[in-house]
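Chain order of the listed sequences is A and B.
Note that the UniProt record's numbering gives residue 303 to position 303 of the first sequence, counting from 1, and the numbers run on in steps of one.
Note that the UniProt record's numbering gives residue 154 to position 154 of the second sequence, counting from 1, and the numbers run on in steps of one.
Just so you know, these hints were derived from the structure itself, not from any lab.
Among these hints, one or two may not hold up.
As the list claims (entries may be wrong) - Taking beta-carbon pairs under 7 Å as the criterion, some of the chain A residues facing chain B (in silico): (1) E116; (2) G151; (3) P270; (4) R278; (5) T282; (6) P283; (7) V287.
Unchecked claim - Cβ-Cβ distance ranges computed for the label pairs, FRET-style: (8) G139(B) x T142(A): 23 to 31 Å; (9) K328(B) x F14(A): 31 to 39 Å; (10) F14(A) x A23(B): 51 to 59 Å; (11) N196(A) x G139(B): 32 to 40 Å.
Glycine included, every Cβ here is placed at the ideal spot set by N, Cα and C.
Number of protein chains: 2
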Amino acid sequence: MRIHIQNPPDDPHFEITEAQWRAALSRSPGLPEMDVSFARDDAGFAAAIGEAEVLLTWTRQLRARFPKGALPGIAPRLRVIATTSAGLDPAAPFDWLPDSIALLNNRGTHADKAGEFGIMALLMLHTHMPAFADQQRRGEWTPHFASTIEGRRVVIVGVGSLGGGIARRARQFGMHVIGVRHGRDPHPDCDETHPNEALDQILPGAEFLVLTCPLTERTRNLLSRERIARLPPGARLVNMARGPVWDQEAVLDALESGHLGGAVTDVTVPEPPPAEHRIWHTPGMVVTPHVSSDDRARYNDRTLDILMENLRALRDNRPLPNRVDPAKGY
Amino acid sequence: MRIHIQNPPDDPHFEITEAQWRAALSRSPGLPEMDVSFARDDAGFAAAIGEAEVLLTWTRQLRARFPKGALPGIAPRLRVIATTSAGLDPAAPFDWLPDSIALLNNRGTHADKAGEFGIMALLMLHTHMPAFADQQRRGEWTPHFASTIEGRRVVIVGVGSLGGGIARRARQFGMHVIGVRHGRDPHPDCDETHPNEALDQILPGAEFLVLTCPLTERTRNLLSRERIARLPPGARLVNMARGPVWDQEAVLDALESGHLGGAVTDVTVPEPPPAEHRIWHTPGMVVTPHVSSDDRARYNDRTLDILMENLRALRDNRPLPNRVDPAKGY
């Protein structure tokens, strides 16, 4: 089997190396013989793609590499496209993708790191850290006390890999965890699991709300201005999904009015925001630069382990565990 | 038995009420009959102290209430002084305290809350949150990635109630926890426990250092400029003890030089610091206003439960579990 790994052109942190590939192979014995090629530039891509059966690539390169209708000519032997992102919204719409090719996301790389970031953000919001940061800027010492977070209600919208990692940590701290997801399957780390359609009924009880759903046409503006108004006064938000999943201007307005008690966001619109954007200095808002779920030290190893797991399924004619449904977008 | 509860004069948040007293009694059946009085002013204190056998009071009132040599005249029947603080440094030196009177601290009220604050601070430091706060002030989006905190080494100086609570949480996140304490008793939530004398040898391996020891003459300036220099480059600090336990100016210098990778402090010198103090704007420093260990919602209940536990020991002629050794100061 011929595999081509197309690395990012300008981000050596995430460049998958031949040593990492060999290490991953040694963790997954029994796979068929594989020829692997690596490239980070256009010439390397062009040289390898004609023979490749499996492509591992950065998500945001996909639409530019494969204009609509062009893929069968460019990559006639391709069967699997594996990506290094959990969220495939940069590759949507999927009009460039023939039905015969399996598109894989990288779900599973992020759970532990996202769980740590998520519980940190929840504890920061509960402990009034955004207010203390505002006070620190002014040289002001005004205590605001907080109890332990035990018993507080957190609603997690999207309990896949990211949200599930957060649910697990939140339970360790005794929070009451309410998962919201597509469908009705209960999640083992949630005290309650509800379908997306129940969101409007759940919002008034959400002391904490975490967004960890994929960005699709169904989740764009999911946390709209109207839904923000349904949250209880003082509610606190964490966005680890994508900027367009909430109405960012409405969030900033609600922080300024005092309706919301604080927010931590790892994603913005636009991303990055210009230096003069109001998001930087809205009281109660903590901005981090899209770092919540990437465990750099372990990222490539986990990415390759997930690829190997899918290649094993391919060998055995089982459904590929990371295959994305282009109609749903995840 | 006559108990007097002297509440703070000006802090209704921490005023112990008769309802809280009755609730605590109902949680501790079998104690002897008790007469209880409450006051928050000098007149109430003067009216009750002559008959009181047990006094529950705020620590910082003690030296003013009982000038050296005056206690036997003011409170001839007093046997126990219970305080609402874990750290009794505001009452030191203890030259005003007759040997016959048991002085109790409030050790045990703070463990859960301190554990939450401590792990939040460690995760913030690990995730580069102090740098992101500096960047946010400038409107700057520069990602710095962090792996999970698993396997990182944290040294906790003082594994009593506060430090023990942090050790327990740090272990849940897979950190390697090194406790430093008076004596050689191993701590159940530490991977290693070392006596204070070993500190100089331990510092070069401390990726994270947490101060949770009492302030005594032995711990004043414990983290001196010389010891800060022994820490590895990029080490990160958390101070939940007292400001004078570290050399604050040396910490700020080491943040500015880049030797330290960040710090979260809940205590300062002086406390509070004036608005123009450099601590507010030193890069990498996060200041919180002495809120790390006080769980306001549960504080009074836990304080009374600890008092009841000690009164039960008094009734049974057992050693009082919260009795302080004035020679050691804790």
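- prompt: Hint by hint, which ones does the structure fall short of?
  reply: Hints 2, 3, 4, 5, 6, 9 not satisfied by this model.
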